[in-house]
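A.B. asks: Chain by chain, the residues run as shown.
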Amino acid sequence: DVKVTQSSRYLVKRTGEKVFLECVQDMDHENMFWYRQDPGLGLRLIYFSYDVKMKEKGDIPEGYSVSREKKERFSLILESASTNQTSMYLCASSWTGTGNTIYFGEGSWLTVV
Amino acid sequence: RKEVEQDPGPFNVPEGATVAFNCTYSNSASQSFFWYRQDCRKEPKLLMSVYSSGNEDGRFTAQLNRASQYISLLIRDSKLSDSATYLCVVKVGDSGYALNFGKGTSLLVTP
Numbered sequence: 009d010v011k012v013t014q015s016s017r018y019l020v021k022r023t024g025e026k027v028f029l030e031c032v033q034d035m036d037h038e039n040m041f042w043y044r045q046d047p048g049l050g051l052r053l054i055y056f057s058y059d060v061k062m063k064e065k066g067d068i069p070e071g072y073s074v075s076r077e078k079k080e081r082f083s084l085i086l087e088s089a090s091t092n093q094t095s096m097y098l099c100a101s102s103w104t105g106t107g108n109t110i111y112f113g114e115g116s117w118l119t120v121v
Numbered sequence: 007r008k009e010v011e012q013d014p015g016p017f018n019v020p021e022g023a024t025v026a027f028n029c030t031y032s033n034s035a036s037q038s039f040f041w042y043r044q045d046c047r048k049e050p051k052l053l054m055s056v057y058s059s060g061n062e063d064g065r066f067t068a069q070l071n072r073a074s075q076y077i078s079l080l081i082r083d084s085k086l087s088d089s090a091t092y093l094c095v096v097k098v099g100d101s102g103y104a105l106n107f108g109k110g111t112s113l114l115v116t117p
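Chains as they are written, first to last, in our numbering: chain Z, 9 to 121; chain H, 7 to 117.
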């Protein structure tokens, strides 16, 4: 089975703190993603990466950055957390190719106070 | 126009009922289609891929209509455990990252 692991499941951070969310996948997937999911807004893509050290902005990259130094690991960084970044963050990974779908981690619930 | 649209519901059905959801997509270059299931406060999980010829997995049947640009999911003999949100996912091309998600359809199966 594909395993996407998000190390932090529940976090509470203060406004202005730097926040790191880590994600590791064990299936040698080329692509990795960070989404956030909010009620009524669905899944929104923050950043994705199609190779080591490569990254592309998604729909809502403002206030976030990412790092992919190794193929299996994709980190999401909130440089200065704000209350509007309180959300559920989902990491995902996939192979390239038609028909290949995406696999999600269990999610990280971030509350910024 | 949104890339992928779903009726948010909720669909409230009794146990044993048959229920169907539709999902429309706007990009005619879409190539791959999937249904995901998401339980409350959990991650989305792949329910089934949708093939051009239609496909069935137990009580679940998925259909694709390219001409009208929609996919459907039919659930027969609904169980209480089918209560969840069902997300439609449409992939454009084969890059792996051109994925468009619907916002989901909420299903509640009642005793």
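No wet-lab data here; the hints were simulated from the structure.
Mixed in with the good hints, there may be bad ones.
Stated by the list, open to error - Lysine to any residue pairs mimicking SDA-like chemistry, simulated, CA-CA at most 25 Å apart: (1) K11(Z) <-> C46(H); (2) K51(H) <-> V121(Z); (3) K51(H) <-> R17(Z); (4) K65(Z) <-> V115(H); (5) K109(H) <-> R52(Z); (6) K48(H) <-> M62(Z); (7) K48(H) <-> V10(Z); (8) K51(H) <-> D34(Z); (9) K8(H) <-> D46(Z); (10) K79(Z) <-> N106(H).
A.B. asks: For a C-alpha distance cap of 25 Å, please report whether K51(H) and R17(Z) respect it.
C.D. replies: Holds, at roughly 17 Å.
A.B. asks: Mind checking the alpha carbons of K51(H) and V121(Z) for me, to see if they're no more than 25 Å apart?
C.D. replies: violated, 30 Å
A.B. asks: Given the hint that K79(Z) pairs with N106(H), does the C-alpha gap stay at or below 25 Å?
C.D. replies: holds, 24 Å
A.B. asks: Do the alpha carbons of K51(H) and D34(Z) lie within 25 Å of each other, as the hint requires?
C.D. replies: holds, 17 Å
A.B. asks: Within 25 Å, alpha carbon to alpha carbon, are K65(Z) and V115(H)?
C.D. replies: Distance of about 39 Å is beyond 25 Å: violated.
A.B. asks: Straight-line Cα separation of K48(H) and M62(Z) no greater than 25 Å?
C.D. replies: violated, 28 Å
A.B. asks: For K109(H) and R52(Z), compute the direct alpha-carbon distance and say whether it is at most 25 Å.
C.D. replies: OK: K109(H) and R52(Z) at ~10 Å, within 25 Å.
A.B. asks: What's the verdict on K8(H) and D46(Z), does the C-alpha distance respect the 25 Å limit or exceed it?
C.D. replies: holds, 17 Å
A.B. asks: Within a Cα-Cα threshold of 25 Å, do K48(H) and V10(Z) meet the stated pairing?
C.D. replies: Roughly 16 Å separates the two Cα atoms, so the pair holds.
A.B. asks: Between K11(Z) and C46(H), does the CA-CA distance stay at or below 25 Å?
C.D. replies: Holds - the C-alpha atoms of C46(H) and K11(Z) are around 20 Å apart, at most 25 Å.
When held up to the earlier numbered hints, the structure conflicts with 2, 4 and 6 and fits the remainder.
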